[in-house]
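Student: Given the structure of chain A, go ahead and fit chains B, C and D onto it with the hints provided.
There are 4 protein chains.
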Amino acid sequence: MSGRPKKIVFGLIGAGRIGRLHAENLVRRVEGIRLKSIVDLRVEELSSWARSLGDVILASNPSILLDDSEVEAVVVCSSTHTHVDFITRCAKAGKHIFCEKPIGDDVSQIQQALRWVEECNVKLMMGFNRRFDRNFLRVRKAVRDGEIGEPHVVKITSRDPAPPPVDYVKVSGGLFFDMTIHDWDMARYLVGKNIEEVYATGAVLVDQAIGQAGDIDTAAAILRFEDGVLGIIDNSRQAVYGYDQRVEVFGSKGCVLVENERPNSARIMGSDSSRRDPILHFFLDRYTESYLEEMRVFVKCLMEDRAPSCDGRDGLEAVLVAKAAQRSYEERRPVRLDEVR
Amino acid sequence: MSGRPKKIVFGLIGAGRIGRLHAENLVRRVEGIRLKSIVDLRVEELSSWARSLGDVILASNPSILLDDSEVEAVVVCSSTHTHVDFITRCAKAGKHIFCEKPIGDDVSQIQQALRWVEECNVKLMMGFNRRFDRNFLRVRKAVRDGEIGEPHVVKITSRDPAPPPVDYVKVSGGLFFDMTIHDWDMARYLVGKNIEEVYATGAVLVDQAIGQAGDIDTAAAILRFEDGVLGIIDNSRQAVYGYDQRVEVFGSKGCVLVENERPNSARIMGSDSSRRDPILHFFLDRYTESYLEEMRVFVKCLMEDRAPSCDGRDGLEAVLVAKAAQRSYEERRPVRLDEVR
Amino acid sequence: MSGRPKKIVFGLIGAGRIGRLHAENLVRRVEGIRLKSIVDLRVEELSSWARSLGDVILASNPSILLDDSEVEAVVVCSSTHTHVDFITRCAKAGKHIFCEKPIGDDVSQIQQALRWVEECNVKLMMGFNRRFDRNFLRVRKAVRDGEIGEPHVVKITSRDPAPPPVDYVKVSGGLFFDMTIHDWDMARYLVGKNIEEVYATGAVLVDQAIGQAGDIDTAAAILRFEDGVLGIIDNSRQAVYGYDQRVEVFGSKGCVLVENERPNSARIMGSDSSRRDPILHFFLDRYTESYLEEMRVFVKCLMEDRAPSCDGRDGLEAVLVAKAAQRSYEERRPVRLDEVR
Amino acid sequence: MSGRPKKIVFGLIGAGRIGRLHAENLVRRVEGIRLKSIVDLRVEELSSWARSLGDVILASNPSILLDDSEVEAVVVCSSTHTHVDFITRCAKAGKHIFCEKPIGDDVSQIQQALRWVEECNVKLMMGFNRRFDRNFLRVRKAVRDGEIGEPHVVKITSRDPAPPPVDYVKVSGGLFFDMTIHDWDMARYLVGKNIEEVYATGAVLVDQAIGQAGDIDTAAAILRFEDGVLGIIDNSRQAVYGYDQRVEVFGSKGCVLVENERPNSARIMGSDSSRRDPILHFFLDRYTESYLEEMRVFVKCLMEDRAPSCDGRDGLEAVLVAKAAQRSYEERRPVRLDEVR
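Chains as they are written, first to last, in the working numbering: chain A, 18 to 358; chain B, 18 to 358; chain C, 18 to 358; chain D, 18 to 358.
Hints are computed from structural coordinates only; laboratory data are not their basis.
There could be a bad hint or two in this list.
Chain copies aren't distinguished; within one or between two, either way the pair holds.
Here are the simulated SDA-like cross-link-like pairs (lysine to any residue), alpha carbons at most 20 Å apart as the crow flies [said to hold, decoys possible]:
hint	residue 1	residue 2
1	Lys-24	Val-44
2	Lys-270	Asp-224
3	Lys-270	Pro-181
4	Lys-53	Ser-65
5	Lys-23	Ser-69
6	Lys-140	Val-26
7	Lys-210	Arg-46
Next up, chain A with everything else stripped away, as it sits in the complex:
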């Protein structure tokens, strides 16, 4: 009815913290789509929230959307270990997929799922939301447009404000997998080349309980890309001053770098010091707009029938670097990605 173009119908699987964020963005802030159904086992618990979204069906059985021919695209926000299965089922059902990272932890299963995506001719976009942050977008643009010449070194500092619960650490696959996964992708994204080798090391400096759980809380890694470009990443589970997220790309004609985001620009000059409020602490505050932007980009890809810039191959590469980093750390030597491919 009327001249309004038909909206793309979406479903969503997994209404955890990120899933709910995506659902709210889809309903309130993304144009051109309709969120029809949400799948989550906790139907009771989520019913009030789901009602606040308006006309959205909430159910525990994924068939509610997989078998709904009206649903064209599915946002997968369930637990990591379910990703490859849902990607495969969505692909077979002919539905486009937006999948949270990481794509999985078993390389051959991931490869199998990606083959289904290709075979079924659906689009798959990975939710590497940081790629869609206005600051990192500007860095990428500077590199791509040659503003700094040929890239020589990429540097990423990525520190969380506080460590996750130790119980999470025990099952997360470790820091290189649950935390650095963003940075492996960001390094590839900013440089625009593939990583060939990684040397990673780390220490337990924040909390001994993390060490007892078999993980580290402080890490540093050196990457070698194609063509000899170098990458440097450092992580910490606990930066008491906030969510420290900085990148820098150094090249033959210059250097581009971005700073942390702050809640305001006020500087207070007092007799003892000049001070500013601390940088943003919570990742959802820091990356609010990037979560929205990535979804808008996904919708635009669907509308214009274009391949997503950030696809399953990117999801797989980040996992491969994480695996190489883990091995490097354990065996105390640089590891080529060929070893884990």
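Tutor: The following block gives chains B, C and D in isolation, referenced to the frame of chain A:
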């Protein structure tokens, strides 16, 4: 159905640029309210836009909301010369009012309207959106909390990226009225005291056509507040580098200042210079969040039955300072507000 | 002897704080000159300091240098009220003059002295040291080279870290004379035009004793230059966070601004705030290099037989603006410089 | 004559670029000492420069100062391969030594020289001038005073504005030796702990001729200190935007970082970008004051009979890390310092 609290029903008058922004915020981003009806003469032209908002009535006759007992609050975004009339009619209809600035240009009419607001016991909040910008809020907090001691001097730089059309200049009441109105209010807000005297001067440096229309395009003013506090404001109709909005409050124990907002934090260090992208150019980009925040604050005042922090008296004071400034400029002397009260 | 070029022989009058600074710079850090003699009444007290300079004669009688035909240039650092007399005597003795600011306080006496300078064909450079600060030099360059187009507004913030003794305030001629004198000159220097009118106001907000001594401690002024360019200056006797010295020139193609100098660039990001050490507090720390640079420029002018860029006319203009500002403050109205010329 | 304390008599060996800088500082800007003699083979070429210093003897034979019982301290600025020999001869002659870095390249020879220093009971200070830069001093202070808690990670970016001549690269010992030597020391200095292991890698990205000479021009290294603290260093032979010198120490209670130095603080906001002049390009501009400060500190150590904070042991440790880094690069594995000790 269910325990959801009843939503406050809103109407809106005047769907120009700012009116449409408020309408969209009310529908999509403000919790706890329902926008029921919009009044604008251009019903035909706005129908498609109005439909995109969902269940909203669009009509040309204000009685559609003034006579609707379900409507509890009205957002007035019509032309300035209609403000006092709509304020009065809304007050008499028992509806709370959010009114765009300036409140009007005739002091006695404004005073009359404010008496009706008081008599009818409705709330009136003025849309001085800049008060709700995160940066200026932080400055105000620093002053209020004594972080800089007693305020001695407030400084405001406020420059538009480009001059308005000359036709607008002819009817706007002049720079002190259409542009500095924000700064008169901001100065009072930051210091937390009333202005007693103003000296204002100006020049035509940007465009001779503005001078021929009887206005200036560059201005400077010195304010005297109660207790001897000084204020300094400078304006330009054209800052080619963007929408330049900075404030500073200097006091007995320090100084607080805020910078302009930028589209990103990237710095590019090249062989000739280190550079950043220009500051934001468009006022809607710069103040997006403040427009949303002021509406949320208004809704909160209604829900909690509290008086708005920014009311009709604030609207009137800004107009009085503008009048004194205009007289100061014309008569080349400092003018006390008592003269125009 | 040998191929070394002959050094220019200097004398110096007045070895107070600034005089001693100039003497030490002349002996240790300025090439191409020899400081031969210093005149100060406190011969006893200064003897040890003078010996540390090497072969320098210290005497109480100015004839020691005025009558010494070897002395080609004299640095005048004595009390302000002696400046015009020493300028006149130096000029008549055929010696070039470097004179600390202000040049004096009696306009007709200053004019008479400047006539002698001209008649005797000696060079006179005024010690407006801030003109030689690397930051303000860069601002001036940006204006002169058209980097910001035509200047529209110049803004100067100039705040001392602590008020002078009240006894000094009683004899200094007042804030507009002893403190803003730098800013009147800086405004003219940055814009490159003459000031036509000034409106100045002020208040006693720092220390009532200053008010009782007949002065103010907080001030604001608006200048009008030729061609309608506007200037804004604000001063305070006490910025507890340090010596606050900032300037900004806004023009048709952009805006150039400089920040305060800090003792180091370290930022410390803590859980409560990000902080930096306060800005420099002491004017000699802040302007160390500018005092040296102005002397090097003076020597260069002598060597190359060029007129100083900052001469007696500049010294006089700053005094005239100070007088107009004082009258403006007292009579509460804008005052044209023609009135005091 | 008079109460002036006796000055410490200095000699200097090697009047190359740095040697001349030290000599000029000693003569003009360091209190309490007298530079008596300079040794350099190029007596003819340097005679005019030496005369400009006043009463200083210039000779080609080091016995001029080694056999001069008046000389108490010697500044060694000759070629690196002569350092251990001159340190040994100075020590045997009972003279205190200030030695430019690196201390040498043969570990056992260095150790032998250090034994002589100890046996002869003379002081030896290494010229790690960057330790005396006001910015890095402030970082060190923050770490030492616990402002950032326990250090977890130190990061150093150190990039030269332009590569040295290839002929220099062939004999310099390579990037890890001639360039990173500063950073190995800086990392130890900032953290205040010893380095236990290093992994270093690099690439030829700037100039193939450097690769053909057997060296690299871009490098990255990860250090492990005692207690698991991590260090990250990256170098480039060519940062076209200037001499890029930044450090950061991240700890349990915060993070301290310093920025590059600029020629001025001016920001120019134009319609295309906001820009600043590039950072300082030349290391002597960047580190002018640190070269002076280190010499003042050395003189103070002599006057107060205190051990220098930066001694032969520090010189040796930096060389050991460089050797380990070189081996790590060649053998593509992390190398413990124990291997090269």
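Student: With reference to the structure, classify each hint as holding or not holding.
Tutor: These are the hints, each one checked on the structure:
1. Taking identical chains as interchangeable, the C-alpha atoms of Lys-24 and Val-44 lie at most 20 Å apart whether they share a chain (12 Å) or sit on different chains (19 Å).
2. In the homo-oligomer, the alpha carbons of Lys-270 and Asp-224 lie at most 20 Å apart only across protomers (14 Å), although the nearest pairing inside one protomer, at 42 Å, exceeds that limit.
3. Taking the shortest Cα distances, Lys-270 and Pro-181 sit within 20 Å of each other only across copies (18 Å), while inside one copy they are farther apart (40 Å).
4. When the C-alpha separation of Lys-53 and Ser-65 is checked against a cutoff of 20 Å, the pair qualifies only within one copy, where the shortest distance is 16 Å, while the shortest distance between copies is 23 Å.
5. In this homomeric assembly, Lys-23 and Ser-69 come within 20 Å of each other (Cα to Cα) only across copies, at 13 Å, whereas the closest approach inside a single copy is 23 Å.
6. For the homomeric pair Lys-140 and Val-26, the shortest alpha-carbon distance inside one copy (15 Å) is at most 20 Å, but the shortest distance between copies (42 Å) is not.
7. When the C-alpha separation of Lys-210 and Arg-46 is checked against a cutoff of 20 Å, the pair qualifies neither within a copy, at 33 Å, nor between copies, at 40 Å.
Figure legend: structure checked against the earlier numbered hints; the only hint not met is number 7.
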